[in-house]
Amino acid sequence: MTDQGTQSPPDERPPNGRSFDGVMDRIAGIGEPIRRALLLPTLALVLALVVGAFIIMVTDVDAWRRMGDEPLAALGDMLDGVWVAYRELFIGAFGSVRALSETLFTSTPLILAGLAVAVGFRAGLFNIGARGQIFVGGLFALWVGLHVDLPAILHIPVAVIAAMIGGGIWGGLAGLLKARTGAHEVITTIMLNFVAAFFTLWVLKTSVFQEEGSTIPKSAPILESARLPTIFGSQYRINIGIFIAIAAVFFVYWILFRSTIGFEFRAAGFSPSASLYAGMNVAFLYTAVMFLSGALSGLAGATQTLGLPPYTVTDNFAGNIGFDAIALALLGRSHPFGVLWSGLLFGALIAGGRVMQAAAGVTVDLVIVMQSLIVIFIAAPELVRAIFKVKAAEAEPTQVTTGWGA
Amino acid sequence: MKRQMRFFAIFAVFALVLAACGDGEGEATTTTEGAEATTTSEAMDDTTTSEAMDDTTTTEAMDFEAVKVCFVTDDAGVDDRSFNASGWAGVQDAVASGAAQPDPILLESASAEDYQPHVETCLAQGAEHIVTSGFKLADTTAAFAETNPDVQWTIIDFGSLGPNVTGLEYQTDEAAFAAGYLAAGVTQTGIVGTYGGVNIPTVSIFMDGFARGVAHYNEVNGASVQVLGWDPADPDAGVMTGVFDPADPIVTATCESMLDEGADIMLPVGGAINLPCGTAIQSRGIDGALVGVDADAVEAMPAEYMDLWLVTIEKGIQIQTQRSIEAHAAGEPSGGTSLVGNLENGAVGLSEYHAWEDRVSDELAAEVEQILEDIKSGAITWDKFVVGAG
Amino acid sequence: MTLELRGITKRFPGVVANDDVSLSVAPGEIIALLGENGAGKTTLMNILFGLYSPDEGEVLIDGKQLELSNPSASIAAGVGMVHQHFMLVPVFTVAENVVLGLEPTEALGWIDKDAADAMVREISDRYNLAVDPDSMVEDIPVGVQQRVEIIKVLVRNARYIIFDEPTAVLTPQEVEEFFAIVRGLKEDGKGVIFISHKLNEALEIADRIVVLRDGKSVGEANPKTATENQLAEMMVGRPVELEVQKGLAEPGKVVLSVENLVVLDDRDHRTVDGVTFQVRANEVVGIAGVQGNGQTELVESLTGMRPSLAGHVFVDGVDVTEWSPRAIHKLGIAHIPEDRQESGLVLQFTVAENMVLDSYYDRPYSRGIQMDWDVAAHSSERLVDEYDVKTSRVDVPVSDLSGGNQQKVIVAREFDRDVKLVVASQPTRGVDVGSIEYIHKRIIEQRDEGAAVLIVSSELDEVMALSDRILVMFKGRIAGEFEGATATTTEVGLAMLGSGGSHD
Amino acid sequence: MTATAELFETEARVRATPEERRSTIVGIVLIALGVYVFWAFGLGSGAGLDARFNLSLQTDRFQDLSWVVDARTLSILVAVIIVGLGIWRVTRSALSWTNISLAIGFGLFSLAFLAWAAAGGQFSLVGMLRSTVLLSVVVVLGALTGLMCERVGIINIGIEGQLLASAFAAVVLSSAFGTIAGLVGALLTGGVLGLLLAWLTIRFHVDQIIAGVVINFLALGLTSLMTARILTDVQTLNAPERISAIRIPFLADIPVLGPMLFDHSFFVYGMFILLVGLHFGLFYTRWGLRSRSVGEHPKAADTAGINVYWVRYRNVVLGGMIAGFGGAFLGLSQVARFEENMTGGIGFIGLAAMIFGRWLPFGALGAGLVFGFSRAVQQKVSILGIGIPSEFLLMLPYIVVIVVVAGVVGKTRPPAADGQPYIKQ
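Protein chains in written order, with the working numbering: chain A, 46 to 451; chain B, 350 to 739; chain C, 1375 to 1878; chain D, 211 to 635.
Excised from the complex, chain A in its bound form (with noise of 0.2 Å):
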């Protein structure tokens, strides 16, 4: 193919200065300044912020009619729903022992789910599957959370590596699909999120699931030896879901980065053609890595089913988590660190979220507003310094993905 579109002429840049603090550093993309890492997000933090405010206020219709007759009483009624609003978010996220439990809480499978999605960045394959994923991984530990009598030591971990290979199936189905077809995985997982969807409908309204004598789709209790212990007793939601998922956390790193697959699968997912040439079996690595993505999907899928009270499970237990979980996997650069960020701030941001609503009557959809606004910024820093008029970042624009790679 002819070239296109490339910049300069590689073979005219001399080899490049730059210095980093070691290999590893380099290999794994931290070691950034710190700076770089922290000024951009947090200018984007503020950036939508400040555009939220202005949604509030827009969307203010009680102001709005009042706006007429008294105009300055009404733009104060909107500042202060702005103020109420983001002063319960803050609250809601930070401001107690129960909001900081919350935020770890709501974070858990959100983390988990970016995991997944990374995973699959880092490798190439964009990975729209994670809901699908959630509810097989997640009917899979719920089965062994009703029918397996264990005890706890054992249960919980069964149950867990069940949810992984139940999401691993449903992801590494459509990186089989991929490899062995060339079906493109966008298309596959999304498909396969509608289908686990109307199975889950369909399999909680079985006697597999449902309690004796019950007609509603909603499973039994799920054994008290299953359930994912709370950290700091029962009335805080948090569990220990979170450590699973700071170790998935971990885990990820080292597979991506220390691990011979890590190689391959960056390998591939930054240049196919090279991979073939160095003898990795592509084809292998899609399934690979589409089974690994999608048992982190289930991992997620296991915190909504085991770890959440009232430890009954119905329909829609897989939320808004695997639509959720794209955008932090992108906010957070593809990296298991910058997913554990941004997996606890969007976790602060919707249990935050919760409260705002019922305080300032701003709905949680705000913060799909925020989310998306966060990921735009950092992923234009161009525009954020045309904005601030500061030298915000020299980033490179991050490509994700390389087309439909057919």
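Do not take every clue at face value.
Far from chain B, some chain A residues (derived; all Cβ distances over 12 Å) [as the list claims (entries may be wrong)]:
{"#": "1", "residue": "P86"}
{"#": "2", "residue": "L88"}
{"#": "3", "residue": "W128"}
{"#": "4", "residue": "F150"}
{"#": "5", "residue": "F243"}
{"#": "6", "residue": "W247"}
{"#": "7", "residue": "L249"}
{"#": "8", "residue": "G258"}
{"#": "9", "residue": "W299"}
{"#": "10", "residue": "V400"}
{"#": "11", "residue": "Q402"}
{"#": "12", "residue": "T408"}
Here are some chain A residues pointing at chain B (derived, C-beta under 7 Å) [to be verified]:
{"#": "13", "residue": "E147"}
{"#": "14", "residue": "T260"}
{"#": "15", "residue": "N361"}
Calculated from the structure, these hints are not laboratory results. Bear in mind that the values here come from a model prediction, so they are computed numbers and not experimental data. Heads up, the beta-carbon is just placed ideally off N, CA and C, and yes, glycines get one too.
Here the structure of chain A is known, so what remains is to put chains B, C and D in place on it, guided by the hints.
Quick look at chains B, C and D alone, frame taken from chain A:
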């Protein structure tokens, strides 16, 4: 400077839009404050309470000590034109009657994760009466009702979960049975149809009763009216759209598909998924009708479908929610009881025959009346749908 | 009536590609712009053509200043460019490519196909180019594609035509035909800028030679008086050895044996159509041929990257026909791939990561499934020293390296082990003279140490210089075989065109 | 010739080309399918049971057209044809017929299946075909949106968001200012989101996937927020006039084709006009030639004096407007009401249809019809009541898409520069 001007322009447009709509809206919100959360047109403000509900209407003269109410939806959201919407309307009615304090809290859930924090938020905000909507909230409600015995709870579409919880359940198949009989009596093609959103008990109970009612008609009159979309013998295989979103073309296609097979009386169950069916009937020029569900369709649905409603299978969520709050406000909370709404207690019933009144012969009307009576008395009975947790 | 570039300076991040370069060309004049890869020739011409905007300097045509950074303005001013990588849309027809941007249309923008064809035919006939307007560009040979590019330029009434490395993809005979076309253009009063790094061609065709080095203009030469050695020294800045020094080969046993190999390309055409040859130990076999005659697919198939349809490949008598790339690599085959940026390297990876790209899975770079990056880094540092790779550290992305140094990374990686067979495809494409010398030396070293070497190159000079035996590929078959010592450019060139070629 | 070579000379190793292998696989699949049809639908249908396919609707001028066929006979006939096709494939002749054979095979399979399901009864074939068209409209419009963008090298994964936002705009503006305002607003909204996509990706080099995802998020968040904060309060803003069907005189009276194609809202006609226009526009006009050149080889386009950025901006905005049209269809033609997240993933299915349709307008139509058809069949079958749980039938269309994409399309060739930023120095 230029940029500010542009922002201002956007504001101006917004103000204009709201001003244009504000007048009509202001009227609606002042005169029938909250009573019509789901109405969309002024033409419907005329709130005729239906026959079946008459005896249950509370007088507004009662002496209430207004309680602070908090309403938590399930993940369908308050705008579902179904049980969430009806329940919220009931809360607002309670506000209007003085039983609930103004500005009740509304918490919409986006997923199962939200239920517990929302309930906790209600408690933290000092709610005295918490209404949880939908069976998905049952276990959460049970847990918090137990630990908060001083708070009164109402749960919609589920049985009582404790001494301080009022369960609102509905044996809607009783009314649906009568509606099925009625539909079988008026159909000109000999085919009636029903479809739902997804196959869950709160949906399929309507379809089941309806189909049985048709079968009863056939039995009594030796007729052979056919039901499309539901077979009581095979409850897994009912016709479902898979969505509650009426704009999805699949809803239109599902209804049209039944019309194509000759159905002329349709019972779509689930939010507003009956509206596209109304459109289909109209645009096909079919002399057919719709059977409404939940709240009386003549009031709840847009005016353009006014002449299509045969009858509505009413499910008294709105009124019972209101009454549950009112009982609390009057100092006699109904906690501990599962109010299984049925024909007998009037929380389930058939509305008036509205647009199709002339089409229902006196004999048929009498037969339907008799069937309603027979169901109440137990003279007609069948393997009824189990409501609630069982 | 001249085209004049004045004081052009263009900086890319970390490098000055052009440093105060001035140049002029008159109608009816052929200027050769000579320089190494990376000297800034292409950048300069892209500026003239409006693809890049310069940081300083101006371009004057007939004394009028040309608006830069916009090809349309350049085209309108009468500048045309035939790019090294053709600017042709492969899935368009010849006529569509030619009229793109100045389509003859009817109502509603409907393209007048007959008019478009006529435009192509007119130019094609006038300059005797023999191009069919209806054929799909991806289906026609490279030489014809180049003529399509020329038609594109002429249709736009260009008065000044830039040719960027036009002969790189042509056979010697095609080069002659091409020069005839260029001379025709000159007689027609066109000003021609001919970019090349080939000294003999510059001397043959040019009226004046301008030499660029490291982005600076280092002088002019008169082709009538200048010698190749003088020019080479101007280009490189030091005396260069133009001949590869190598001893005579004493071929040993057969290492690589290819039997009736048939390979399909991505579009399922039989691009390699029954190829049979052997390569022996201590022998360099060069495969010459115009690009696109099956060499790419042949090499991919030999190295396991592309399945073959029929035939066999033996290495040391072992049938490796359906082996995986890794298994073949483990046998001791060093593979320098055709496109280093596409498949030889992962550009976003560091030098160290690329150094272990095909050996990471085993000791010492990994134990089990755990990588040992320290070992990899140390080993990379050693290789960087040993193979003269110019990089500050081994933890910089390999994309930061120059083309020559990138290629040396591959050479280091592939040669630093027990090598039985070297398969090198376009080993010096786009690489500076110093690196070319170095890589050639290393390849001959491998031969002398007993490896069998297969070189595939579209640069006939390179094949001639390195090979002990030369095979020519044409349309998927071996169209000729020559002894390296006795072969002449003419006879090899004829074989590349599919005519003649003797099996001696 | 060396010794090794002679040794192996006799053993001719010839593998099948991928096309030949595919033909064989398809052949085996078809034979299996045929056998299944014979067993399940042929033997499975009761003897002498007629299936009655109705070919007219109540609204038709010509009433009571129908096609009555013996289910068993038809199924056996179909089985024989499918097996025949399969054997033909296994022989690997006429390779270009592989996909066509597969399509014919599955078409006949569906027919036999429906005959079996309707044996002893009747159902409206024309109604099902009409549903197919209706159910494919948004998918096709979504695919055309994607195609407009990808043909110039920009991946648009934000189709879903563009549909959703423009449905919102259509509903609100139509409620406030009338239908025309709603339509214009929907087109503008789609266009503006297209502009945002183009601006982010071209001006700021934001990864195209990220930009698309962001558009989906923004649209979902903003429309849901405004629904919750404005529409539930000011309900008159969520009550536009519905755009009803226009029955085209005479054409609508043609049996079968009339109700299928000529009795829809103008959105459906618009879709077909757009389709034809895009096809000819892309492949026969200056606009199309330039657009495609930008998507295939932007640098070549640039050197030919075409403003790559301008072409990209223009087409992505136009693509957004197509999505806007689709959004208006969703918002105004079915129930005329906005619901939170009312698109429910249909934009992504449009994206899939674009890939399945190989970036061709009529390919998009075909893909959309396949999806629409499988949804229509699913619904029809569930009405016929053959005892399959509704959830499984609801899955069917999505499984069909997977099977089709995996089995029929295989690797596709997108525009060469698809997804690649074009950066000038």
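Hint check results:
Every Cβ of chain B is farther than 12 Å from the Cβ of P86 (chain A); the closest lies at roughly 25 Å, confirming the non-interface assignment. The non-interface label for L88 (chain A) is consistent with chain B: the shortest C-beta to C-beta separation is roughly 19 Å, beyond 12 Å. For W128 (chain A), the non-interface assignment is confirmed: its Cβ lies about 18 Å from the closest Cβ of chain B, beyond the 12 Å cut-off. Non-interface call for F150 (chain A) relative to chain B: violated, since the shortest CB-CB distance, roughly 8 Å, does not exceed 12 Å.
The claim that F243 (chain A) is not at the interface with chain B is violated, since a C-beta of that chain comes within 12 Å of its own (minimum 7 Å). Non-interface call for W247 (chain A) relative to chain B: violated, since the shortest CB-CB distance, roughly 8 Å, does not exceed 12 Å. The Cβ of L249 (chain A) sits about 9 Å from the closest Cβ of chain B, inside the 12 Å cut-off, so the non-interface label is violated. Residue-level check failed: G258 (chain A) sits 5 Å from the nearest beta carbon of chain B, not beyond 12 Å.
At roughly 29 Å, the least C-beta separation between W299 (chain A) and chain B is larger than 12 Å, which holds for a residue marked as non-interface. With a closest Cβ-Cβ approach of about 6 Å to chain B, V400 (chain A) is found to fall inside the 12 Å limit, against its non-interface label. Not every Cβ of chain B is farther than 12 Å from the Cβ of Q402 (chain A); the closest lies at roughly 6 Å, contradicting the non-interface assignment. The Cβ of T408 (chain A) does not lie farther than 12 Å from every Cβ of chain B; its closest approach is about 6 Å, which violates its non-interface assignment.
For E147 (chain A), the suggested interface contact is upheld, since its CB lies about 6 Å from the closest CB of chain B, less than 7 Å. Satisfaction of the interface hint for T260 (chain A) is found here, the shortest Cβ-Cβ separation to chain B being roughly 5 Å, below the 7 Å cut-off. With 7 Å as the threshold, the beta carbon of N361 (chain A) comes within range of chain B, its nearest partner Cβ sitting at about 5 Å, so the hint holds.
Violated hints for the displayed structure, listed by number in ascending order: 4, 5, 6, 7, 8, 10, 11 and 12.
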